[in-house]
Amino acid sequence: MFQAKARAEVLKEVVNVVSTLVDEAKFIVNAEGLSLRAVDPAHIAMVELTLGKDAFEEFKADETEIGIDIDKLSQFLRLAKSDDMIDLKHDEDKRRLNIVVGDITRRMSLIDTTGMSDPKVPNLSLPATVTVKGDDLTQGIRASETVSDHIALVANPEGFEMSCEGDMDQVHFRKSKKDLIALDAPSSVRSLFPLEYFANMLKAVSSGNTVTLQLGNDYPVKMEFKIAGGKGEVRYLLAPRIESGD
Amino acid sequence: MFQAKARAEVLKEVVNVVSTLVDEAKFIVNAEGLSLRAVDPAHIAMVELTLGKDAFEEFKADETEIGIDIDKLSQFLRLAKSDDMIDLKHDEDKRRLNIVVGDITRRMSLIDTTGMSDPKVPNLSLPATVTVKGDDLTQGIRASETVSDHIALVANPEGFEMSCEGDMDQVHFRKSKKDLIALDAPSSVRSLFPLEYFANMLKAVSSGNTVTLQLGNDYPVKMEFKIAGGKGEVRYLLAPRIESGD
Amino acid sequence: MFQAKARAEVLKEVVNVVSTLVDEAKFIVNAEGLSLRAVDPAHIAMVELTLGKDAFEEFKADETEIGIDIDKLSQFLRLAKSDDMIDLKHDEDKRRLNIVVGDITRRMSLIDTTGMSDPKVPNLSLPATVTVKGDDLTQGIRASETVSDHIALVANPEGFEMSCEGDMDQVHFRKSKKDLIALDAPSSVRSLFPLEYFANMLKAVSSGNTVTLQLGNDYPVKMEFKIAGGKGEVRYLLAPRIESGD
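Residue numbers (the working numbering), protein chains in the order written: chain A, 5 to 250; chain B, 5 to 250; chain C, 5 to 250.
Do not take every clue at face value.
Which copy is meant is left open, so a pair is good if it fits within one copy or across any two.
[Claimed, not checked] The calculated DSSO-like cross-link candidates involving lysine-lysine, where the alpha carbons are at most 27 Å apart (straight line), are:
1) Lys9 - Lys182
2) Lys207 - Lys85
3) Lys16 - Lys181
4) Lys124 - Lys181
5) Lys85 - Lys137
6) Lys226 - Lys85
No wet-lab data here; the hints were simulated from the structure.
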């Protein structure tokens, strides 16, 4: 059983987060709220999302799995303004999710979740933590996009740096410690990442929000941020590229 | 003879209405105003438009026919703001329409109307009438667009419904009698229509305007609305699709 | 040596002017400011641009040539708001231009200028001069775009006219002397130009700005306007098409 009511804005945030990596997703609902764990088709990135029941206006659920076509849900939500109320109801017999906004009801066939994997979150020890405005990271990415396909994230006791080196040009984005929201980097660490993936993850961060990055040396990056005004949480994990020694 | 002056906004409404169905159109002008009747190339829909002479700032005409390339007129009108005055003058000798906005004059070759048909408006008895906000219908259409190519319009004594059933999903838009501007449906009627045509017709309705639909059982729908602040009238007629009994 | 600081807005104006004709450009800097002279690949148009050192917040330069990929510079400037400060520094050893906006640095490889020509400005005697709002010319061009590929510019003692004659339609834009900012045309002159080039040049004129055209009979047109609030100057020269006598 799953029946809930939420502001469109909250569901749009969820859709933005999930759609950066997958087209279809298995949501797990239970009495406490909703959660999801998914890996992109190329197995380069993972997303974990939790949304507490207090992010909803109304929420009632027994533990169940719901397989959703993210594109369809996204299309439907585009009909709603941020403040519109969305009713969600799982029709178990017909394997549908019934969604209502205003006078419009969509009865959406669910995706069979039996074949969908449950990705395991790897146990990582990442020595450096940087907290920074999402909008700053976005500026750095925009500056880098035409220079190379890869971006290095660097943290050291002095600050944080995004660095992108192409054949012709280089782009560097630097924040010294005093200009960061928080920095904990005992030593210098650096890892290289596929720029497009990192850019897509950042698109899911609402403007004005804060992002926490955890970094190591040639290790995955963990990107965390809040959604639904703090009532939900997103953790992305992105695999590094190993730098060639040229 | 035809010579007139109108606000750009009024002519833009006319162009929006006509361009949903045809690229070229034969306008009939006479001392009372302007009118048009046209059928789309696939003979699925018809439009009737009348614009009284009081919709114009100035208007002088003897009865004549003017064949206009709607795309060209539309391009030219894009140069004008809503409140700009447009001068129109038929140059019978050179078979042109001369259009002036501000410092710019376009002398537009007219289309030969001799081959253009005069569609007959069929005599239909449509038992149900629904009056509803155009914006509401547009929301229903937007919700349906990815679900199926057809949309059912249903009226009964309780209310009005747009219903779209695809292989996977269904969308329903429902307004009960009290939420409609007017409803006169002695019994339940339902007809199925090509969604794209219905959507295009709705695009010609200015935001905030009211639309009257007349419906029968597996019968065409007649859609009526006003233009030019009530000084013009549009009637669309759209042929039904016969529902397969699956 | 070249080191300068400028508002992003000023550099964006320079990029807009140059990118209408060329992808790569050789800027000459010296103690007085920056200048450029370039011809489009088809040798139909030429641009001359000068930007005095007082258009910059800071400016220090010995005479040198800097070859810039205009697209790259344009991309980078899109990261900046109009009022942002941009730092420019020529790194002669590495043949780079280092550009800084906020926390972001781009080290941009320069283009080798040794093969790039120094176009000569032809000595022209153009009898008519018209000063007009750029926005008016833009309206005239927009009205003409679908009618023909060529546009005639006409000046005579009574006024100024842009005239575009296609196989089917004609567009005329007319300003009588009293509606022009200035007019000096002892006799009537007329020349025909490729519409796309003239339209592109106009795109570099900021909205609200004034343009001076110098015209002759089947002669090039010279288009002049100010940039950087009057601290820079642009001169375009566009070759005429010879009218066929049909």
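*Should Lys9 paired with Lys182 be assigned to within, between, both, or neither, using CA atoms and 27 Å as the limit?*
Answer is between; shortest inter-copy Cα gap is 25 Å, intra-copy 42 Å.
*Are the CA atoms of Lys124 and Lys181 at most 27 Å apart within a copy, between copies, both, or neither?*
neither (34 Å within a copy, 53 Å between copies)
*Using 27 Å as the alpha-carbon threshold, which applies to Lys226 and Lys85: within, between, both, or neither?*
Answer is neither; intra-copy 32 Å and inter-copy 31 Å both fail.
*At most 27 Å between C-alpha atoms: does Lys85 with Lys137 qualify within a copy, between copies, both, or neither?*
The answer is both: 26 Å in one copy and 18 Å across copies each meet 27 Å.
*From the Cα coordinates, with 27 Å as the cut-off, is the pair Lys16 and Lys181 best called within, between, both, or neither?*
So Lys16 and Lys181 fail the 27 Å test inside a copy (33 Å) and across (32 Å) alike.
*Up to 27 Å between alpha-carbons, please classify Lys207 paired with Lys85: within, between, both or neither.*
For Lys207 and Lys85, the Cα distance is within 27 Å both inside one copy (20 Å) and across copies (20 Å).
Comparing the model with each numbered hint stated earlier shows that hints 3, 4 and 6 do not hold.
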